[in-house]
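Colleague: Starting from the known structure of chain B, fit chain L onto it as the hints suggest.
Quick note, the sequences are listed as chains B and L, same order.
With the numbering used here as the guide, the letters of the first sequence map in order to residues 145 to 551.
With the numbering used here as the guide, the letters of the second sequence map in order to residues 145 to 551.
Incorrect hints may appear among the rest.
[Claimed, not checked] Simulated coverage check for chain B against chain L, where a stretch passes if three residues somewhere in it have a Cβ under 8 angstroms from a Cβ of chain L:
1. 194-202
2. 238-247
3. 302-313
4. 443-455
5. 487-499
6. 542-549
[Unchecked claim] Selected chain L positions facing chain B (Cβ under 7 angstroms, derived; list incomplete):
7. 202
8. 308
9. 309
10. 436
11. 545
[Claimed, not checked] Taking lysine-lysine and the BS3-like style, the derived pairs with C-alpha atoms no more than 30 angstroms apart in a straight line are:
12. L/238 x L/396
13. L/502 x B/238
14. L/177 x B/547
15. L/547 x L/227
16. B/396 x B/227
17. B/396 x L/430
18. L/430 x B/227
19. B/362 x B/396
20. B/227 x B/238
21. L/149 x L/238
22. L/177 x L/149
23. L/430 x L/502
24. L/149 x B/547
25. B/396 x B/502
26. B/149 x L/547
27. B/396 x L/432
28. L/238 x B/547
29. L/227 x B/547
30. B/432 x L/502
31. L/238 x B/177
32. L/396 x B/432
33. L/396 x B/396
34. B/502 x B/227
35. B/227 x B/342
Source of the hints: derived by calculation from the structure; they are not laboratory data.
For every residue, glycine included, the Cβ atom is placed at its ideal position computed from N, Cα and C.
What follows is each chain in one-letter form.
Protein chains: 2
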Amino acid sequence: MSSLKGKVLVAQGGGPTAVINQSVVGVALEARKFAQVTSVYGAVHGVRGIVNEDFVDLTRETSHNLECVADTPSSALLSTRDKPDEEYCARMFKVMQAHDVRYFFYVGGNDSSDTVRIVNEQARAANYELRAIHIPKTIDNDLMENDHCPGFPSAAKFVAQAFMGVNLDNRALTGVYIGVIMGRHAGFLTAASALAAKHVDDGPHLIYVPERAFDTAKFLTDVDRVVSRYGLCTIAVSEGISDASGTPMISKLMQTEERDDHGNIQLSGTGALGDLLADTIRRELKLKRVRADTLGYLQRCFMGCRSDRDAQEAREAGEKAVQFAMWDNVDGSVAIRRPVLDYCVDYELVPLQNVAGKTRHMPDHFLNAEGNGVTADFLNYCRPLLGSGVPEPHRLRAPGVPKILNA
Amino acid sequence: MSSLKGKVLVAQGGGPTAVINQSVVGVALEARKFAQVTSVYGAVHGVRGIVNEDFVDLTRETSHNLECVADTPSSALLSTRDKPDEEYCARMFKVMQAHDVRYFFYVGGNDSSDTVRIVNEQARAANYELRAIHIPKTIDNDLMENDHCPGFPSAAKFVAQAFMGVNLDNRALTGVYIGVIMGRHAGFLTAASALAAKHVDDGPHLIYVPERAFDTAKFLTDVDRVVSRYGLCTIAVSEGISDASGTPMISKLMQTEERDDHGNIQLSGTGALGDLLADTIRRELKLKRVRADTLGYLQRCFMGCRSDRDAQEAREAGEKAVQFAMWDNVDGSVAIRRPVLDYCVDYELVPLQNVAGKTRHMPDHFLNAEGNGVTADFLNYCRPLLGSGVPEPHRLRAPGVPKILNA
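Just chain B, same shape as in the assembly (with noise of 0.2 angstroms):
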């Protein structure tokens, strides 16, 4: 057990999810049963929200109020795409010693992990002693030591549902449609909408990850095959699909990159992508009725969409960050386990380093050898993730009338 005595400071970092409020919310009630903790802190805007002393008091917030922020989506304390180095570690260092910060929990993806290991080293050359612990996040799914992160599953429900909806409306007003999802170097989240096929011709026919490379050439020669099978084609594909070189997609297509701070290029809020590969298919394979549509923004924060077993393991790990630090006295990060495939979790504490500024890619067994696909193991490995409500889709089952007219 921790005898530190001090303050709880808790922050949320990078791209919102649909229940990151859940960990922060599950921060702050696990650490205000303990006696060592003298106030509990929000920064606001992340990182940022450290070094210009930003901070709310989330001792005097209801509980009742806590409860239906977690509930929210998106980051309740506000968010930033900074990404510190050890110079802006520093001076978040400074402030937290100022305010008597003795527990730092960053709730985010592998940037953020990084984050906390500088701070937590800095602390360590100082002899201050502190508790630095990261709470993983994020829709990419693309944490190291995770067997899932929090945000990932509700993002797959939304990105799986609304593929049910595509399947059954291209189905309606046949033709190709392509979908474009989130997720720069990572597919799950593009694959889970595999997750979307309850009948043997449903869609998604086709789904693109950046773990392969993206050929127009075979592309198209997939397109054409469906197109002759089903008479329509759904696909799936993950806004940072890149050609053998690596040069993304996208980058071929757009006259003005945007560039976020990190020097990446915007994939996200555009429809360039998928208006590219929807003029591909018309003008190589003369297809007629051709729609892209571009997820965006609400796959990762769409009100009345969120996985049941996300929203609950996401706020586990929360507590468990609080546990870690107060009861085992030790710094790193909060991973998910997953000791029976179908289905229990563990959360463990693995040491910053293995998290941070790393990325997870979908293991090979998980995509097919057409690299235009998923793979049972794939299914197995995601279903149990979207939790309870799921909806099904149904079809009529009537039997046809024999022709009079044209008989």
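Modeller: Showing chain L alone in chain B's frame:
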């Protein structure tokens, strides 16, 4: 009471909705109760299925599966964009005669209503007894005589919930967000985004619909003002916005225009309009983080986001259609009325020509004087349609903490 013995034929036309199957199931289950109905046929792919004699026998479908299908979005009988002329309708009428169809129900928009009108006139001219009834559906909500149309409330719920998430997301990582919403001539669905606002600074801050001429300079002034005030801006735009001369904004951009069989420019299934508007804001206002999503096909068939009120009314509209035909022995279009604002509905049968081929627009008192938002009248009109279980976004209300270093 109609004593006309013969078959019932039901079909679905145009774009699918989340509840269009409720109407078909309402027809099928109600029609099966009447002794003079020898069978209930469904036409596959709408009017195209009628000329092709492509029917299924819904009398041989289980009630359980009909209920499952009713709960499934999109057109279970499949749909068509065919817009029959006199000659096409004559072929349909011939098939109906051959199969002894005496009751024809067509679920669709204003084009479908026109089809029912033509077939009805041809039957009358041929002295063939045929009850012909149009059942309304459209996410655009643009049918005359109706307070609102089945399909719209569920799509409105999707749009409102999407913008709730967008509000939360855009608050966490601030910027300008544009959401492009379906609606060629009527702005009802775009306007429904206004129901997302709960807090005083919530978006959408600006709403542009086809009923008001779109002016790019005015648009930029609006965005600039909102960004100055809130540091962010969330915008809802109809795909069909046009300039003062009536030219769709999208056709100012598109290089290759795709036109449908009715000669309309393709507005859906492309991110072009959103990207054009985002580029304009980036270029003219020198803003960095500008994102555009096109909500696309998810709006009409997303699984798991349905207004229960909408589902009930779509079912009733189908049931009532059969009751009008059987008990009153009349033809026409089923129309939903609202005698009390908050909230009950009545169903009336109105003359087909009142609905056929006509478009209803948003009334003036639903739109603000500036042409960039909606009025309280619209909110009061739209809110009850969303039914029960609409999620609510919550924010932290924890007090701020005094600064120490930057005091």
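Colleague: All hints, please: hold or fail.
Modeller: Verification of the hints:
1. 194-202: holds (count 7)
2. 238-247: Since three or more residues must qualify, the claim that chain L covers the segment 238-247 of chain B holds, with 4 doing so at under 8 angstroms.
3. 302-313: It holds, with 7 qualifying residues against the three required.
4. 443-455: Coverage by chain L holds here, the residue count being 6 at a Cβ distance below 8 angstroms.
5. 487-499: The restraint on the segment 487-499 of chain B is violated, since only 0 of its residues have a Cβ under 8 angstroms from chain L and three are required.
6. 542-549: With 7 residues close enough to chain L, the hint holds.
7. 202: Nearest chain B Cβ about 5 angstroms off; hint holds.
8. 308: Check passed: Cβ of residue 308 of chain L comes within 4 angstroms of chain B, closer than 7 angstroms.
9. 309: It holds, given that the least Cβ distance between residue 309 of chain L and chain B is near 4 angstroms, below 7 angstroms.
10. 436: 6 angstroms, holds
11. 545: 4 angstroms, holds
12. L/238 x L/396: With Cα atoms ~45 angstroms apart, residue 238 of chain L and residue 396 of chain L exceed 30 angstroms; violated.
13. L/502 x B/238: With Cα atoms ~68 angstroms apart, residue 502 of chain L and residue 238 of chain B exceed 30 angstroms; violated.
14. L/177 x B/547: 25 angstroms, holds
15. L/547 x L/227: 68 angstroms, violated
16. B/396 x B/227: 27 angstroms, holds
17. B/396 x L/430: 24 angstroms, holds
18. L/430 x B/227: 23 angstroms, holds
19. B/362 x B/396: Holds, at about 17 angstroms.
20. B/227 x B/238: 17 angstroms, holds
21. L/149 x L/238: Answer holds: residue 149 of chain L to residue 238 of chain L is near 18 angstroms, not above 30 angstroms.
22. L/177 x L/149: 13 angstroms, holds
23. L/430 x L/502: 43 angstroms, violated
24. L/149 x B/547: Holds, at roughly 20 angstroms.
25. B/396 x B/502: 27 angstroms, holds
26. B/149 x L/547: 20 angstroms, holds
27. B/396 x L/432: The hint holds at about 22 angstroms.
28. L/238 x B/547: The hint holds at about 13 angstroms.
29. L/227 x B/547: Between residue 227 of chain L and residue 547 of chain B the Cα gap is close to 23 angstroms, so the pair holds against 30 angstroms.
30. B/432 x L/502: 28 angstroms, holds
31. L/238 x B/177: 78 angstroms, violated
32. L/396 x B/432: It holds: about 22 angstroms lies between the C-alpha atoms, which stays within 30 angstroms.
33. L/396 x B/396: Holds - the C-alpha atoms of residue 396 of chain B and residue 396 of chain L are around 23 angstroms apart, at most 30 angstroms.
34. B/502 x B/227: 14 angstroms, holds
35. B/227 x B/342: 42 angstroms, violated
Taken one by one, the earlier hints fail for this structure at numbers 5, 12, 13, 15, 23, 31 and 35, listed in ascending order.
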